[in-house]
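*Asks:* One line per chain: the protein sequences are A and B, in this order. If you're matching positions, the first sequence starts at -11 in the numbering used here and goes up one per residue. If you're matching positions, the second sequence starts at 228 in the numbering used here and goes up one per residue.
Simulated from the structure, these hints should not be mistaken for lab results.
Across the chosen pairs, the derived CB separations fall in these ranges:
(1) Lys229(B) x Ser9(A): 34 to 44 Å
(2) Ser414(B) x Val58(A): 44 to 54 Å
(3) Ile420(B) x Ala49(A): 48 to 58 Å
(4) Lys229(B) x Pro75(A): 20 to 30 Å
(5) Glu119(A) x Arg412(B): 52 to 62 Å
(6) Pro112(A) x Arg441(B): 52 to 62 Å
(7) Val437(B) x Asp138(A): 54 to 64 Å
(8) Lys229(B) x Asp138(A): 11 to 21 Å
(9) Leu396(B) x Gly102(A): 46 to 56 Å
(10) Ser9(A) x Thr318(B): 26 to 36 Å
(11) Gly201(A) x Thr318(B): 35 to 45 Å
(12) Gly307(B) x Leu157(A): 20 to 30 Å
Think of the CB as a built atom: it goes at the ideal place given N, C-alpha and C, for glycine as much as any other residue.
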Amino acid sequence: MIQAIDLYKSYGPVAAVRGVSFEAGEGVVLGLLGPNGAGKTSIMKALTGFHYPDGGKAVVAGIDVTEDPVAAKRLVGYLPESAPLYPDLTPEEYLAFAASARGLSGRVCSTAVGRAVEACGLGPVYRRPVEELSKGYRQRLGLAQAILHDPKVLILDEPTTGLDPNQILEIRALIRELGREKTVVLSTHVLQEVEATCSQVVILNEGRVVAQGSPAEIGEALKGEERLSLRVRARKGRLDELTIGRLVAGLRRLKPAAPPVLGPDGVAACELVAPPGEEPGAEAFDWAVENDLVILEMLRRRLSLEEIFVRLTSEGVSK
Amino acid sequence: MKPVHALARKEFRAAWNSPVAYAISVAFLVFSAAWLYFVRGFYAAGLADLRPYFGIMPVAFAVLAPAATMRSWAEERRLGTYELLLTMPFTEAELVLGKFLAAYATIAIALALTLPVPLLASLLGSFDPGVLAGQYLGALLVAGASTAVGIWVSSLAKNQASAFVGAALLLIGLSLVDRLAAFFRFSGPAAAIANWVSTGRHFESLSRGVLDGRDFAYYLSAGAAFLYLTAWNVRRRKWS
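Given these sequences and hints, build the entire structure.
*Replies:* Right, dumping it as structure tokens:
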């Protein structure tokens, strides 16, 4: 539905986007993730036809945005960064303008406006001047404008910045809902946002793609191994070093990363390495039951997107 | 035409929801009344000829049109709504035309509100409605060309203030260039060019209510040229 093909964009001497390619089909929420200045906004501006790329193509539903910008723009709803609005118009006037600019009129128009107002919870401020609206309402008004014409593609530049936690949850739920039938591209530098809403991630740094895939795939590719930290004691009696050493050696797939450490209270701490793609907890549990051990604590450790992100982007910087 | 209408309506609403449009109307009304009083005093009472009154129009619109157009692009860019506007399905021509029509409508309203002023004055002398209609048509032509210039300057300017000052200076220059040329005793091609580009010069017959095809052509083509330059400018920005 939406494709970036080897996009390049420079602002004078500053190369903002340097050969970025990705694509997203229907029903995909794609997150562009990267630090400030990674080129997220520049890519979105090329996809929406705000500016044209210096090289490569932005394609929406098979239409090259540079060749037929008006046709491409009809299919796209866009929420620019920080939701710019006209302070002299009320939400009612603003949405009426956006709807008629999109060629909606009559009953179709009022239904569309009603639906967008409902979805974004704008009812209470519908006739108040935009100047008086809170940041949350402004953001929602921007979003209402973007979804007004029921576009196939939604492009949202940092849709949750400046919102309070409740509003963030609401907007994320709305994005997930919209993402079922549409193609949504959103940018963020908040990792939880990607984990909470996106089915696909493109990680950008300094204008280049450093990783892409589903959040799980990206995690998978980078985490290498998964670790299990276990604290156990014997159900009866007291563990000694010899016993716990023998028991740990009896594990089949999980391997000790280091010899288990036995504390003075008879609790053994084991650091186990799990082969990729397995559920390590199940074996640990069965093993403990078989050997009459009590699991006091089991901690599965994997790289969070946060760690992956830091690893990827700092690698990019050091290159 | 529908997108043009949508944009023009939005612009028009924003102008009349803010103090700008009212300020323009009131300023123009006060100015025209004061100016009429001044020229009537100057030429002694009983005068029905409104030519001096209309003669000032190119200069009046040199200030008024920039006031109505200074926001059109400069303000969109400041607010960031420029980004939104350019990602809506408008062609560059539709964007420029929509903005032009809204500003032009505001000026036309301000002009219409002054109608009672010369009308009352004319009642005192011999009154020719045909001449007055011609004079108002002339004023609308100057207003249109000035608005196009203002829109163009606004598309280049970083903010409202520089859009206003830039357009006003350019328009005042254009309206007085023929007189400056005469003052400095220009002759030959230089004087001809100065006369040809001057908005003031082309208004001379119109201020008498005389409609000359050449003056029509001048104002219409100047308006079209500046609107074209604006569209070109908007398009050029997409590549930078």
